[in-house]
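Using the sequences plus the hints, can you model the full thing?
According to this note's numbering, the residues represented by the sequence shown are 1 to 127, in order.
Everything labelled a hint here was simulated from the structure, so no lab data went into it. A hint or two may mislead.
Below are the DSS-like pairs computed for lysine-lysine, each with C-alpha atoms no more than 30 Å apart in a straight line [claimed, not checked]:
{"#": "1", "residue 1": "K48", "residue 2": "K119"}
{"#": "2", "residue 1": "K48", "residue 2": "K120"}
{"#": "3", "residue 1": "K21", "residue 2": "K120"}
{"#": "4", "residue 1": "K21", "residue 2": "K3"}
{"#": "5", "residue 1": "K55", "residue 2": "K3"}
{"#": "6", "residue 1": "K119", "residue 2": "K52"}
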Amino acid sequence: MLKYISYLNLFLGIIFIAIFKSSENYLDLALIIPSIFFNWVTLFHFIKNSQKFEKWHLYLGFLSVLFSIITILITLQILFQVNFANASAFGPPQYLIITKLIIDLLIIAQFVIAYRENKKMSNLNLK
Numbered sequence: 001m002l003k004y005i006s007y008l009n010l011f012l013g014i015i016f017i018a019i020f021k022s023s024e025n026y027l028d029l030a031l032i033i034p035s036i037f038f039n040w041v042t043l044f045h046f047i048k049n050s051q052k053f054e055k056w057h058l059y060l061g062f063l064s065v066l067f068s069i070i071t072i073l074i075t076l077q078i079l080f081q082v083n084f085a086n087a088s089a090f091g092p093p094q095y096l097i098i099t100k101l102i103i104d105l106l107i108i109a110q111f112v113i114a115y116r117e118n119k120k121m122s123n124l125n126l127k
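Laid out in structure tokens, this is it:
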């Protein structure tokens, strides 16, 4: 399951890079880069090579989760403003907002799953 989440996050991340770059939304672009890098590290280092995470992998994972939580809060604020303040003409398309929310939740889920798997690998190596 971790492999499929990683592939999906990489695919969605590349799409979002293109969308954010074309709309010149550099804050969101900067917030998604660590998450994409963590997806790449998870996919190729952890899954393909069956090696446990180094400390910097975990720091990168925590950083991507922190950025995902920040963007989730911003996304929820935008959704609240668009839906309850009748400002739908001024906000981004709702499918883009909801898709961004989904990718942030997938990033958090991916980190939790990868962290648990890393702990299992560490425990197996100690025995």
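Tested hints:
Simply put, K48 and K119 have alpha-carbon atoms about 17 Å apart, close enough for the 30 Å limit, and the pair holds. For the hint pairing K48 with K120, the CA-to-CA distance comes to about 16 Å; that is within 30 Å, so the pair holds. Restraint check for K21 and K120: the C-alpha separation of about 39 Å exceeds 30 Å, so the hint is violated. Between K21 and K3 the alpha-carbon distance is near 27 Å, which keeps this suggested pair within the 30 Å criterion.
Taking the CA atoms of K55 and K3, the gap is about 21 Å. The hint holds against a cut of 30 Å. Restraint check for K119 and K52: the C-alpha separation of about 8 Å stays at or below 30 Å, so the hint holds.
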